[in-house]
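Colleague: These are the residues of each chain, in order.
2 protein chains.
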Amino acid sequence: MDRTCVKNNRNKTKSGENGEKRDGTFHLQNPHLERMDEDVLYHLGLNTTSHNFVEMFGDVKFVCMGGTANRMETFAYYLLDVLGLKLPTGTTLIDISRNSHRYSMYKVGPVLSISHGMGVPSIGILLHEIMKLLKYAKVKDPVLFRIGTCGGIGVEGGTIVISEDAVDGLGSSYFQVPVLGKIVRRPAVFDKELIEELKDCVDPKDSYKTVTGITLCADDFYEGQGRLDGAFCDYTEAEKMEYLHKLKDQGVVNFEMEALVFAALTHHAGIRAADVCVACLDRLKGDQV
Amino acid sequence: MDRTCVKNNRNKTKSGENGEKRDGTFHLQNPHLERMDEDVLYHLGLNTTSHNFVEMFGDVKFVCMGGTANRMETFAYYLLDVLGLKLPTGTTLIDISRNSHRYSMYKVGPVLSISHGMGVPSIGILLHEIMKLLKYAKVKDPVLFRIGTCGGIGVEGGTIVISEDAVDGLGSSYFQVPVLGKIVRRPAVFDKELIEELKDCVDPKDSYKTVTGITLCADDFYEGQGRLDGAFCDYTEAEKMEYLHKLKDQGVVNFEMEALVFAALTHHAGIRAADVCVACLDRLKGDQV
Numbered sequence: 001m002d003r004t005c006v007k008n009n010r011n012k013t014k015s016g017e018n019g020e021k022r023d024g025t026f027h028l029q030n031p032h033l034e035r036m037d038e039d040v041l042y043h044l045g046l047n048t049t050s051h052n053f054v055e056m057f058g059d060v061k062f063v064c065m066g067g068t069a070n071r072m073e074t075f076a077y078y079l080l081d082v083l084g085l086k087l088p089t090g091t092t093l094i095d096i097s098r099n100s101h102r103y104s105m106y107k108v109g110p111v112l113s114i115s116h117g118m119g120v121p122s123i124g125i126l127l128h129e130i131m132k133l134l135k136y137a138k139v140k141d142p143v144l145f146r147i148g149t150c151g152g153i154g155v156e157g158g159t160i161v162i163s164e165d166a167v168d169g170l171g172s173s174y175f176q177v178p179v180l181g182k183i184v185r186r187p188a189v190f191d192k193e194l195i196e197e198l199k200d201c202v203d204p205k206d207s208y209k210t211v212t213g214i215t216l217c218a219d220d221f222y223e224g225q226g227r228l229d230g231a232f233c234d235y236t237e238a239e240k241m242e243y244l245h246k247l248k249d250q251g252v253v254n255f256e257m258e259a260l261v262f263a264a265l266t267h268h269a270g271i272r273a274a275d276v277c278v279a280c281l282d283r284l285k286g287d288q289v
Numbered sequence: 001m002d003r004t005c006v007k008n009n010r011n012k013t014k015s016g017e018n019g020e021k022r023d024g025t026f027h028l029q030n031p032h033l034e035r036m037d038e039d040v041l042y043h044l045g046l047n048t049t050s051h052n053f054v055e056m057f058g059d060v061k062f063v064c065m066g067g068t069a070n071r072m073e074t075f076a077y078y079l080l081d082v083l084g085l086k087l088p089t090g091t092t093l094i095d096i097s098r099n100s101h102r103y104s105m106y107k108v109g110p111v112l113s114i115s116h117g118m119g120v121p122s123i124g125i126l127l128h129e130i131m132k133l134l135k136y137a138k139v140k141d142p143v144l145f146r147i148g149t150c151g152g153i154g155v156e157g158g159t160i161v162i163s164e165d166a167v168d169g170l171g172s173s174y175f176q177v178p179v180l181g182k183i184v185r186r187p188a189v190f191d192k193e194l195i196e197e198l199k200d201c202v203d204p205k206d207s208y209k210t211v212t213g214i215t216l217c218a219d220d221f222y223e224g225q226g227r228l229d230g231a232f233c234d235y236t237e238a239e240k241m242e243y244l245h246k247l248k249d250q251g252v253v254n255f256e257m258e259a260l261v262f263a264a265l266t267h268h269a270g271i272r273a274a275d276v277c278v279a280c281l282d283r284l285k286g287d288q289v
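Residue numbers (full-length UniProt numbering), protein chains in the order written: chain A, 1 to 289; chain B, 1 to 289.
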């Protein structure tokens, strides 16, 4: 891919469907936040009293999230190289959220590189806190990316998958969560324009393929993704293959475990977001990574 | 608590409701596992070809799991002290799963101390892999503990909460997961005998209180637990308090994010398990940790 082709749209005045305002700031639909003297972003190890968010994060344009702390540290150093940035002599990158022991966060120029752990609840907590961080830092038009790993469905290992839509294990494209004892449903929608911008980045000379399609966001790695090699399995290989082929016929190109809440919460806030994963394997050929 | 009061029941011949056999070994209900030449426990960074599980883990009696890698490393060193074990000169504990970058695992005598991340999917992956590890290591009568943090409901910060039952955000005591496109429901049941053993460990001289009750396993930290301080909030403080008091009246004593799958998968395998958490705060008094 062309490394410079996705631009932060600071100059645009487009209004998001939900929270995004015309001046590029976005609105978090929570009136209680305005009344709080202090906000502790517990899982990021930051709070609005001890930390000056505008000073620390006011220049952020992109937030990149991936599963492991190790990968997001590596990605941060990769960004240093790609962006041609030099750290002052005698300094090194440091995990900004190291005191939380929950996520790891690195900042390289206008990019945050953050680990999100595994599964919807884990990235969900991060999304709540990172969106509040961006709001307190008065960041305009941020773009969020999940850069993860996935299992391809009829998609070879090493292929890049850009999610066009996200569905759960029952085919619903809503993120559903019980709130005060009742289910709240939020549509899981990715920014179509951003997907097109990413597709425009694909270079025919790339050493890997890039595909787009529907992403199945599972709540389990084994039974929830039709694997035969979990601690439990009540179905046959034939039933598994029938299921995988049915998904493929429906346009599902990969399994991962975060897309639904990622699409839903960013869409609800009016923040542009895309889920871009590398396939570790083609699930039509096997289960083990 | 008396540090030595929970015994591994190697000498018992009790048969579990589901998978536990009379000789203490347990049965994972997956016929496919017997037909695999090799099993890669991907998220633990171990596989049955390169690692001799019987030699490495055959003496394991207890598995303790908690959220962060940092806490479980600290707990491992605490165990060294409590169990009066000495490492050979010139050695130190090492994270056995360091190559996976997903979970951290330490072994101290007969105890594994492992991080599980946050939320049902994250601990679910670990449970699948740790139960396979115990099976391959031919461990008999293992006992699993989750030692976590939680939000108390009418329970003061610093109090220890032993879960008697687990429910989801709609009050269901089943772990529900889509498998091949259809919901599979597994009862979330903790071992009553183990709970009694833990209650017997309570010492009136303890500097903290210990309570038991129902645990609400949420899929979100903010809206899913009735907090006012997430990125979004569509309810009032009065509605939140009404909800929390209703939960309290129903016998719910704490919120956390893993109990349901922990109880369900261990029960399904016939493995004894208990969820013991410390309350970080009383949610009747506030939201922020």
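Treat the hints loosely; a few may be bogus.
Each pair may be met inside one copy or between any two copies, as identical chains are not told apart.
Unchecked claim - Quick list of in silico lysine-lysine cross-link-like pairs, DSS-like style, CA-CA up to 30 Å:
1) 61 x 205
2) 240 x 138
3) 61 x 240
4) 199 x 182
Calculated from the structure, these hints are not laboratory results.
Colleague: Which hint numbers doesn't this structure obey?
Modeller: 3 and 4
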